[in-house]
Structures are given as C-alpha cells and as structure tokens.
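Trainee: Put together the whole structure using the sequences plus the hints.
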Amino acid sequence: MSAHRASPAQPWPGWSTSRAAQAAYGKHLVRIGERIPALLYMHVMDRRDLAAAHTARRQDFIDTQVRGLALECRDDLLETAAVLDAIALCHGHGSYLPRPYTDESLDRAPAGVELRTDASDLASELVRHDHEHGTSTTDGIPSALGEDCTDADRDAVRAYARREWIVSQERRP
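Per my numbering, residue 403 is the first one in the sequence shown, and the count goes up by one each step.
Hint data in this document are derived by calculation from the structure and do not stem from the laboratory.
Please read all numbers here as calculations on a predicted model, not as lab measurements.
For each residue, glycine too, the CB sits at the ideal point set by N, CA and C.
For each label pair, taking beta carbons as the anchor points, the in silico distance ranges come out as:
| # | residue 1 | residue 2 | range |
| --- | --- | --- | --- |
| 1 | V569 | M447 | 25 to 31 Å |
| 2 | A458 | R573 | 35 to 41 Å |
| 3 | G536 | Y503 | 26 to 32 Å |
| 4 | P439 | I464 | 25 to 31 Å |
Mentor: Okay, here's the thing in structure tokens:
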C-alpha cells in the first residue's frame with residue numbers, strides 16, 4: 403500500500419497539478435486522481451469481455467453488456483471528460499488543433515495542443531449526450547463542437563463538463 407496522501411496539489415503520486423487545474427477543480431482533484439486507474443482498468447476489462455463474448459458467439463451477453471454500457475454512457479463521458487480536462491490543464495498549453503484535422507496539423511502539433519483538443523472533443527461528446535437526452539444538471543449547455551468551432555467554443559464545452567462533474571461530486575453522499 404502506498405504511503406502517498408492525495409491532495410489537490412498532488413492527487414496521484416508523482417503528478418503535480420498546475421494552478422489552472424487547482425483553480426478549476428479545487429478539492430475535487432483528489433477524486434480525479436482516484437478515478438484514473440479505475441477508468442483505465444474498467445475500459446480494458448469491458449473491451450476484453452465483449453471481445454471474448456463475440457468470439458464465443460454469446461449474443462445474449464453482448465446484448466446485456468451493450469444495454470448496460472448505454473445506461474452508463476453519461477457517467478463515463480462525464481468522469482473521463484473531467485480526468486482528461488484536468489490532465490490538459492496541467493500539461494496542455496496553447497491553442498487547439500483546427501477542424502477539420504489534416505495529417506499535417508496532427509504531425510506538427512505539440513503534445514499539449516493535442517491534449518487540449520482531445521479534452522474539448524470529449525467534452526463535446528458529453529454536450530451532445532446532454533442535448534439529446536436532457537441529462538444536464540446545470541444551466542447553460544453550450545453547443546456541441548462543429549467544423550468551424552473556435553477556441554472559445556472549445557473552452558466553453560470544457561468548462562461545461564467541468565461544471566457538471568463538480569456538481570456531481572458535490573451531490574455524492
């Protein structure tokens with residue numbers, strides 16, 4: 403067992419957060435640090451189980467898993483968007499990649515720019531989900547990202563995902 407005590411400054415051993423991440427998430431960064439290994443493990447195991455069921459031609463299991471995954475989709479989007487946003491706040495500086503992406507824009511982009519872009523794309527998926535299913539818990543759902551989105555549009559979907567996640571954490575028993 404690790405002797406590391408999670409804090410907003412260091413929610414995970416060896417991971418120091420930025421002031422931007424601390425300002426955005428505050429005390430909730432500790433929970434983000436706790437979710438990183440769980441999210442990684444969960445996604446690997448879900449894919450492994452579905453692949454095994456497909457190989458064994460177990461359509462009943464596949465159908466059950468797909469229904470369950472659909473119900474958990476928003477929670478997964480929300481948690482993963484928060485984790486990716488926090489990591490981007492710590493390591494992703496600069497602008498975003500332009501849309502539509504080209505091979506050239508991907509080849510020359512610094513890792514931080516790609517990370518910020520990925521964080522905004524995932525947050526946009528949460529926005530799409532909430533528009534479609536009416537599952538928002540806060541006001542002011544921004545528009546999902548389109549091909550002509552601006553950096554401000556990308557910042558808005560990330561801020562929305564951050565706000566939704568913080569509210570979900572504060573409602574936890």
